[in-house]
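Engineer: Take a look at the letters that make up each chain.
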Amino acid sequence: MGTLIKQELYKLNHKKGTWFALLFMVVVQIGFAVLSWRYPKFFGTQMLVMNNYIGGVLVDFIMIASAASMIAMEFQYGTIKQLLYRKYYRSQVFVSKLIVLLMQMIGLQVVATAMTGGLTMVVNPKFDWTQTANAMPLWRDYLLTTGGSMLVMLLLLSLVILMATWFKTNAAAIACGFIGYFVTAVAAQIIIMFVQRWHWLKWNPFTMLLTGNQIVDPKTYHALTMLDTPVMIGCTLGYTVLFTLIAYLSFRRRAV
Amino acid sequence: MEALLKVSGLNKTFGKKKVLHGVDFTVASGHVVGLVGPNGAGKSTIMKAILGLIPTDGGQIQIADQPVSITKHQALRHVGALIEYPGIYPFMTGRQHLNLFAAKKQRKQHIAHIIQVMGMASYIDKPAKSYSLGMKQKLGIAQALVDQPQLVILDEPMNGLDPQAVKDLRDIIRTQAKAGTSFLISSHILSELEKVADDVLILNHGHIIQQSTMQALVEAGGTTYIVQTVNDREAFAALQAAHVPVNLVDRQLQITQTDRTTLNAALIALVHAGIAVQDVTKAQHDLEQSFLDLVEQEVH
Ligand SMILES: Nc1ncnc2c1ncn2[C@@H]1O[C@H](COP(=O)(O)OP(=O)(O)OP(=O)(O)O)[C@@H](O)[C@H]1O
Ligand SMILES: [Mg+2]
Chain U
1 MGTLIKQELY KLNHKKGTWF ALLFMVVVQI GFAVLSWRYP KFFGTQMLVM
51 NNYIGGVLVD FIMIASAASM IAMEFQYGTI KQLLYRKYYR SQVFVSKLIV
101 LLMQMIGLQV VATAMTGGLT MVVNPKFDWT QTANAMPLWR DYLLTTGGSM
151 LVMLLLLSLV ILMATWFKTN AAAIACGFIG YFVTAVAAQI IIMFVQRWHW
201 LKWNPFTMLL TGNQIVDPKT YHALTMLDTP VMIGCTLGYT VLFTLIAYLS
251 FRRRAV
Chain Y
1 MEALLKVSGL NKTFGKKKVL HGVDFTVASG HVVGLVGPNG AGKSTIMKAI
51 LGLIPTDGGQ IQIADQPVSI TKHQALRHVG ALIEYPGIYP FMTGRQHLNL
101 FAAKKQRKQH IAHIIQVMGM ASYIDKPAKS YSLGMKQKLG IAQALVDQPQ
151 LVILDEPMNG LDPQAVKDLR DIIRTQAKAG TSFLISSHIL SELEKVADDV
201 LILNHGHIIQ QSTMQALVEA GGTTYIVQTV NDREAFAALQ AAHVPVNLVD
251 RQLQITQTDR TTLNAALIAL VHAGIAVQDV TKAQHDLEQS FLDLVEQEVH
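So the sequences go chain by chain: U and Y.
Each residue of the first sequence is one higher than the last, beginning at 1 in this note's numbering.
Each residue of the second sequence is one higher than the last, beginning at 1 in this note's numbering.
To be clear, the hints were calculated from the coordinates, so they are not data collected in a lab.
Any given hint might turn out to be false.
[What the hints assert, rightly or not] The list that follows gives simulated cross-link-like pairs (lysine-lysine, DSBU-like), each with its CA atoms no further than 35 Å apart: (1) K195/Y - K126/Y; (2) K87/U - K282/Y; (3) K15/U - K129/Y.
Remember, predicted model here, so these are calculated numbers, not experimental data.
Chain U extracted, bound-state conformation:
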């Protein structure tokens, strides 16, 4: 298993996209920091901090692309046979990929957060991290928001991985991942309207896309989702595990 993880890291490291995406994120973050320094009225520090200087949404995009390609590329390049004929099993190959994705996601978020802290210090040194936001100190709000969005990210990634096991090419899997990102966001908004009418609908996986919001602002979102926050967190993890399992079954059944 250690060998498999090392192999996945080696491939990730040698993919130009990996480092290009990271660089792109950092450049965009710096760009927004410059904008907030030039036009503080339009680009308020608080808004930018909460969004990691737009790094948050970029982490989402990078991870969707990475997850989709990590699975789909093996089939596109025909390398899957070489991974599987060795002494390893499909389950081990699959899990090693999940672990490396998790490592990448954490790594990206650490960079995004470090950049957020650093840029704020440079652009707005007097920024008050203890001011109240969502009825709590801002730093706490930031951490909860980040944690919540990572949780929802896991759910999204499990769907992307499931989908990637159906695709023949990298590009198709990535494109579908991006489209899915927007579609699920819209679907979540629509379905939540129906939850008011048919309460049982609240258990659908799209509701769990709001877990991040509810963690930060339980009052407003509880009224929409009709679920308690701990239940939502549990359901988000539950659906993530479920989709990942289905993805594994699909990966296992796929002919090589």
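With the hints as your guide, set chain Y with the ligands onto chain U.
Structural biologist: Chain Y with the ligands in isolation, oriented as in the chain U frame:
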């Protein structure tokens, strides 16, 4: 000699189509076994089953007395393979591919050695997306060999290789086999394996229709000699008169050796008739013909 790979009663069905029918064979340590059959015979399917890549419908596979199946991969530790076409990550260089699959022990030496014997030094550090078909094929073979496996499975390894590369590959296989490595090599051209395989399995429609040593197969096919004389027409008449099995094909005198004295008899007849012999050569395609005949017989 002890069998490293044992396949017995192997069956495989895809949907309703039965692709392998009770395939039995063994590969001894240090032996090179050719698996020959026309397109769709089931060569790649057998190899995938041996590598635990696909589920089978009955039958047993053992490597070094350990069972192999889609859920038992332990015995595949010391196996290297290239199946159907090489799997290449376009964003990595050839050397990085070898790094990825080579075991840690003496990695550098093994990689350097394989690059040298395969003649890949000039492009090994370039990204694989720039490789030609043959370069990719060589990289695929190098990946199969780099981890010092005991058993190497190569599916149509000569695909896309130029004559020099084919010769290099034959030399590598012979050298490794001498050192004790076993090979199972597939091809749809029997003569391609003539100079490298010890044993041959001929596969047709998922049945092994012939299993023998390469030497026996070559001898069974008989050898055809092409004789050139100053006057082939006269020579033809003289040989026929002497009851030598001779054909005049495309203005070439072809003599099929039926036993060891056929060629002698032919030459004696020509000398007696006073016809000067200019050249005698061995025909190339007889092995292929005997293979085609075998497959043909099977159909009818
Ligand atoms: N995944 C699959 N699903 C259905 N049928 C398959 C599958 N893989 C192979 N087959 C069928 O099994 C038979 C044997 O295929 P296989 O690839 O083993 O042939 P082969 O001897 O390697 O041929 P070639 O020389 O063309 O490579 C063919 O009839 C093929 O159509
Ligand atoms: Mg084949």
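Engineer: All hints are to be evaluated individually against the structure, with a verdict given for each.
Structural biologist: Do the hints match the structure? See the list:
no., hint, result
1, K195/Y - K126/Y, "33 Å, holds"
2, K87/U - K282/Y, "47 Å, violated"
3, K15/U - K129/Y, "13 Å, holds"
When held up to the earlier numbered hints, the structure conflicts with hint 2 and nothing else.
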